[in-house]
Amino acid sequence: MDSLHTINNRGHAVYRRGETRNRWRWPAFSTVAACLVYAYLILPSLTVIPISFSESFSFSELSLTLYRRLFESSTWMTAIGNSALVATLASTAAVFAGTPAAYAFARGRFQGRSLAQLIVVCPLFVPVIVIALGIYFLGARSGTLGSVGILVLAHAMYAMPFVVVMVLSGLRQVNPSLEQAGYIMGASSLRVFLQVVLPQIRISVIAGWLFGFLVSFDEVIIAWFISGPQTETLPVRMYSSIMWDNTPEIAAVSTLLTLFSFVICLVMIKVGGVESVHASGAPHPRRDVRT
Amino acid sequence: MLRKKIHLQPPLLAFAGAALVLSFIFFLVPMGFIGSYVGTEEKGVVDGLISVVNSRLVRVVFANTVEISVSAAILTVLLAYPVALHIVRQKARWRIVCFSLVLMPFWTSILVKSYALLIILGDDGLVNTALRALFGIDGINMMFNRFAVLVGTTNFLVPYAVFPILASLAAQNMQIQRAAEVMGASPLRIFWSITFIQSMPGVLAALLMCMVISMGFFVTPALLGGRQDMMMANIIDMYTREILDWQSASLISVLLLVFSGALSVAILKIQSRTGA
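Those protein sequences? They're chains A and B, same order as listed. Read left to right, the first sequence gives residues 39 to 329 (our numbering). Read left to right, the second sequence gives residues 21 to 296 (our numbering).
Hints listed in this document are in silico derivations from the structure and should not be mistaken for laboratory results. There could be a bad hint or two in this list.
Claimed, not checked - In silico DSBU-like cross-links for lysine-lysine, where the CA-CA straight-line distance does not exceed 35 Å:
no.: 1; chain 1: A; residue 1: Lys308; chain 2: B; residue 2: Lys289
no.: 2; chain 1: A; residue 1: Lys308; chain 2: B; residue 2: Lys63
no.: 3; chain 1: B; residue 1: Lys289; chain 2: B; residue 2: Lys111
Here chain A stands alone, though its shape is the one from the complex (with noise of 0.2 Å):
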């Protein structure tokens, strides 16, 4: 057993006998303590699982009666719905937003451009307190605090940087002399935008779209400070389940939360796997363009 370790960790240089022993300790080391922190990242979040499917903290006998209370209770499912709604309508706005804001940072040549950019990335270098109250006070002085508009706004404006920034990211990989091709033949920057540009990067958007997604089915304290009872999102009932009265469905809701972080992680996986591919092997118009 340990001869293998030793073959399979040495690769390229030749050891004397007690370096390669000597080699052997010190990643044994270092793997013990990174496996220590991955079950410390995962494990808190698997045990809303057993629990879950138990009553009263008691594992003799496993039930659904907690998921039959989560569905038949009425605050739970609007809270549900509310996060689904908002996170739909914000991240797609953000995507319609961003993504042409994006082409514009990276090709477009206007004055205060980089401001602009700055402008749109800015939220996310700032304190979401900060942001959830300036919003709050917007809220408080338009009268529409608790409403459905300002929630949805105010999240698209929060997702917009990483929809952004994801952009920027796929327009980085893409060669704008096929673009440049597209204005020499007469076609309008819009022209150029849907037809050229947008089929290029239609990963990266997707990419966006569900990163903004997330952000907004996950964001708390903007939702805390200004949804009222009709728009209570599902953090903000978790938040005040867990602060205030200590529902038991709480547990089923975290475990189809956890089921659903890990779904997202593959998809993320799979979609990061295609860019990378899309990325690497040079795609079939870029080509063209060169010879």
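Assemble the complex: chain A is given as a structure, and chain B must be docked to it using the hints.
Just chain B now, with coordinates in the frame of chain A:
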């Protein structure tokens, strides 16, 4: 020639229009509101600032915020470093698996994590139940205190710290390590004086980033901490919605903005200098 060049790079300002309007109304205007509430007619900015700083509660909360974010950042980097090192040493397939072990908590809602920690660390939680059953030890108080806040914060932050450290480890030129190996340096020495030194920019960026993120923490101190572990975000919430003192809330949030802005600038400086 020049005209053709301009034509090939159109202005495209209109393309950024929707994004700019959205950012203006829901980011710049709100920031303007905060700025306008910093001073009121009966109490100017300076008087307001003096009364905020003189409040014992605010001073305790400031100290909490600094203590928690600094210690959480250091602990997080200590936890994240072996993970980054482990990931970077894996072969392609295992690297994806290990990376997803970091990515999954990154995508897990902070409320799920907080609830899970409540179950694990609470007075009737898993740890205390196990201790009682196995050793007959009466419950250890692990909930609603600084310990719980630090567990919750580090648990949340580790993925954020892994990414920059991983980037600085993956960018290293392996030839140097190999040269040191050939010259007979011990693995520990190679790690310490080559790998670790070269990853310092990533470590520093991770440290500062964790501090910025944890300074604005709201959910974790509110749910896992006690009344004495309030952080700046919690006191902003309290001033806004319980005390209805919008001036103090605005002043505190401006202070928070200044602190985290200074740290963010430092991060950008490090990243632009090293190209990490």
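Q. Out of the numbered hints, which ones does the structure contradict?
A. 2
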